[in-house]
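If you read the protein sequences in the order shown, they are chains U and S.
Mapped onto our numbering, the consecutive letters of the first sequence carry residue numbers 1 to 378.
Mapped onto our numbering, the consecutive letters of the second sequence carry residue numbers 379 to 860.
Because the hints were derived from the structure by calculation, they are not lab data.
Some hints here could point you the wrong way.
Stated by the list, open to error - Heads up, incomplete: computed chain S residues facing chain U, CB under 8 angstroms, no partners named:
| # | residue |
| --- | --- |
| 1 | Ile568 |
| 2 | Gly570 |
| 3 | Gly577 |
| 4 | Leu580 |
| 5 | Glu619 |
| 6 | Gly670 |
Claimed, not checked - Quick look at which bits of chain S chain U covers, simulated, 3 or more residues with Cβ under 8 angstroms:
| # | stretch |
| --- | --- |
| 7 | 781-791 |
| 8 | 816-828 |
All residues carry an ideal CB built from backbone N, CA and C; glycine is no exception.
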Amino acid sequence: MIKPETEAALADAVKSATAPLCIQGGGTRGFEVAGETLSTAGLSGITLYEPGALTIVAQAGTPVSQIEKALAAEGQRLAFEPMDHRPLLGTEGEPTIGGVVAANVSGPRRIQGGAARDYALGVRFVDGAGNIVKNGGRVMKNVTGYDLVKLMSGAYGTLGVLTEVSLKVLPVPETEGTLMLRGLDDTAAVAAMARAMGSPFEVTGAAHCAKILDDDPITALRVEGFEASVAYRLEQLKGLFAEQGVDMLVASDEMSLWFWQGVRDAGKFSEVAGDVWRVSCKPTDGPRLVAASDAEECYCDWGGGLIWFLTAPGVDLRARLGRYDGHATLVRGRSEGIAQFEPQAPGVERISEGLRARFDPRGILNRGLMGAASREVA
Amino acid sequence: MEMPTPDAGIMARKGRVVERLQAVLPKDAVIHDERQTRAYECDALTAYKCPPMAAVLPASTREVADVLRICHEEGVPVVPRGSGTSLAGGALPTADSVILGIARMNDVLETDYENRTIRVQSGRTNLSVTGAVEENGFFYAPDPSSQLACAIAGNIAMNSGGAHCLKYGVTTNNLMGVTMVMMDGEIIEIGGAYMDAGGLDLLGLICGSEGQLGVVTEATLRILPKPEGARPVLMGFDDNEVAGACVSDIIKAGVLPVAIEFMDRPCIEATEAFAKAGYPMCEALLIVEVEGSEAEIDHQLSLIMKIARRHNPVELRESKSAEESAAIWLGRKSAFGAMGQINDYMCLDGTIPVSSLPMVLRRIGEMSEQFGLKVGNVFHAGDGNMHPLILFDANKPGDLELCEEFGAEILKLCVEAGGCLTGEHGVGIEKRDLMGYQYAPQDLEAQMAVKDVFDPGWLLNPAKVFPLSASESRRRLPMAAE
Ligand SMILES: Cc1cc2nc3c(=O)[nH]c(=O)nc-3n(C[C@H](O)[C@H](O)[C@H](O)COP(=O)(O)OP(=O)(O)OC[C@H]3O[C@@H](n4cnc5c(N)ncnc54)[C@H](O)[C@@H]3O)c2cc1C
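With the hints as extra help, turn the sequences into a complete structure.
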């Protein structure tokens, strides 16, 4: 394993590499990529934190836990609620902030607050030729030149090794509350979540799961804010469904926290074997996709726009789902001929390959993880 | 501001190019008469003008693709244009270019309230997107002051923001998908009515690429339910620094206003003379707006005012009604117009970390004396996006150049303070040659590599964003037709 302590050393390591490198933050995603491991863990530490400007800058290998701790001390947080993959994947190690940004990891609050990429303000990275590049900065509005910050966020290290990221952070609200609707089927649940998210009450989480508390499916709606505001909004949300005679309960604080952490981390599937897929879709297409999936189990987040599926190992879920607006990612499980990331339409694929060829001309950064090559490797 | 010398070879082929364009577009959609092409000679950066060789107004994605294919084959540069409100010269043509105006493509293609999205043709104006959904209680969040005129296409190209982006984000945070035509005429689809388009984040890359990667013809946008209500509080301070500290304290306290706007004394004076909004005469004025139910608004405003009182404001005026809110916003909304009454102005939009606000304002004041030009500052204070308005006299020889020199110094100061050259208006031609202050050669090289992939012949809006010297070798690549 190569574990540089400075950005310059990391750039040298990439420049002098003669074979593919497997880029690793905390290694909690367990990607199987050929090549010697290049770890960013040696690049650790918060470079700058300005609570009054809602910004934090940290080296890529900084543990997420360290960042969360520093933020918590000022009553702030990473509002995009990044998932911790360890329970689901059975991996060890410390998730790093660079890994979170590189994989654009976002949790339930995505529907209201945005994804990791929406909070990423700036990056520094080393491209496949060993050049150190910076883009964006540490201010919240920046349209100076192309937005490579977005490009790097979600590129899983295939275009460059992140060495530093700067992020927008937000205050932790005074409290949160969750309204749970019981007994709705998939279609009714998607409609209920759409109704809630189409209301002015700023739902920051909307999920639907079967068999959480008991046999009744639960449709959960979260609101956050000042104490009085949360109470008011929960009442208003209840009012939306009162006429339909839906069975409702307001979760206790602990239950709310526990529930959303489970939704975030796909906790439901951590103890069961099988492949796990993440499908991004139009919420109203969800019920049809669930029916077509013939999956062992599933639940949805993002108001129905994100469906987590558990399938038997080796099932090609994409083949079952057919054509729809969206894409599927295989999060747990590997099989011959099944790419982890959804294959792209030819025009888009050509651009993506073009970018990879420019940013990583020798094809040494996480080779085969994304793009057409991933199908050859898999 | 220098522009590349137009290619005489291309201009000599004007007849053939126009003929080919006329073969794929209706007669009135190809403008080539020299008197008529003048309508496209500039955008809102009116100091620079140059009529294009021709302008086309396609009405469908297909027609856009035909136009681009022909221009690609003929090696003709294309400058995409929305409504021409760019303040950075983003839509400024060169004499050898074809302007591709998207204004005829302004239909709403689909509204989907259940999934909270709208699909529009990109020539649709920003405000009319909200107009299409507001009866149902929804709105499109990014709200540039130019929203009555500017097109979604231009918003996407510039990644435009507005007063409310502190809470709702800028264009890139509200864009879910696009149909885009590549320079060679290929039509591609990215994203749609679902979150996070798969694969590399090309959507994030296209947003803010200033019309250099492809021509966006359709867009899927996120729409949001309207809040129950909104009300501002106005506060005045006798010191910029104190106002800055107050902003910081509000943000830290966990209240998340939708907008925090800042005006300094020169700007307050100009606006008062023009709009008579009844603002207090002081060094710094803040307008802080919050949203929610009546009770929620009361609660948040009371917290904000408590923080403000700790900073000894000279004025604290809480709006209690729609009329009072309108009165508070009146001055801010007329600020540009007010400055325009006094003189010609140049509007910059460098962004700085909120913490360096006092230092930057002090330095701008000093420079104003040095250059002998007045400056007023309006400011999206919550996110550090400044809008210094430098006053000059366009009829006075040398004044524009002096103003540009002063502007450049302010932008360099923003970069030194840890900020950037432009927060929402884009680079265009205006800040093109300052890019080297913010980015090292290899940083620019990485960005130009992106353009190489999307537009290998550098035909799309080629003279923008990158310093001419940096992009020169690429712009001189042998064109497809030669
Ligand atoms: C009074 C005033 C106030 C303003 N206030 C704000 C503000 O509050 N916030 C803000 O962010 N901006 C503001 N602006 C700037 C301007 O309105 C925005 O940049 C706007 O998004 C430009 O839109 P447009 O349709 O006019 O684009 P244009 O000026 O026509 O073009 C802008 C850029 O977009 C490209 N482009 C146009 N169409 C396409 C297409 N179909 N595909 C690809 N590229 C394309 C052009 O090539 C050009 O580079 C203001 C401008 C004025 C004059």
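Classify the hint on Gly570(S) as holds or violated, based on whether any CB of chain U lies nearer than 8 angstroms to its CB. Check passed: Cβ of Gly570(S) comes within 4 angstroms of chain U, closer than 8 angstroms.
May I ask you to test the interface hint for Leu580(S) with respect to chain U, counting a Cβ-Cβ separation under 8 angstroms as satisfied? Nearest chain U Cβ about 6 angstroms off; hint holds.
Using Cβ atoms only, decide whether Gly670(S) comes closer than 8 angstroms to chain U, and label the hint accordingly. This hint holds: Gly670(S) lies near chain U, its Cβ roughly 7 angstroms from the closest one there, short of 8 angstroms.
Should the interface hint for Gly577(S) be scored as holding, given a Cβ-Cβ cut-off of 8 angstroms against chain U? This interface hint holds because 5 angstroms falls under the 8 angstroms limit.
Assertion that chain U covers the stretch 781-791 of chain S - criterion: three or more residues, beta-carbon distance below 8 angstroms: violated (count 0)
Please verify the coverage claim for the stretch 816-828 of chain S: does it have three or more residues whose C-beta sits within 8 angstroms of some C-beta in chain U? holds (count 11)
Restraint: Glu619(S) near chain U, CB-CB cut 8 angstroms. Satisfied or not? It is violated, given that the least Cβ distance between Glu619(S) and chain U is near 13 angstroms, above 8 angstroms.
Can Ile568(S) be said to touch chain U, with a Cβ gap under 8 angstroms? Interface hint status for Ile568(S): holds (6 angstroms vs cutoff 8 angstroms).
Of the numbered hints stated above, those contradicted by the structure are hints 5 and 7, listed in ascending order.
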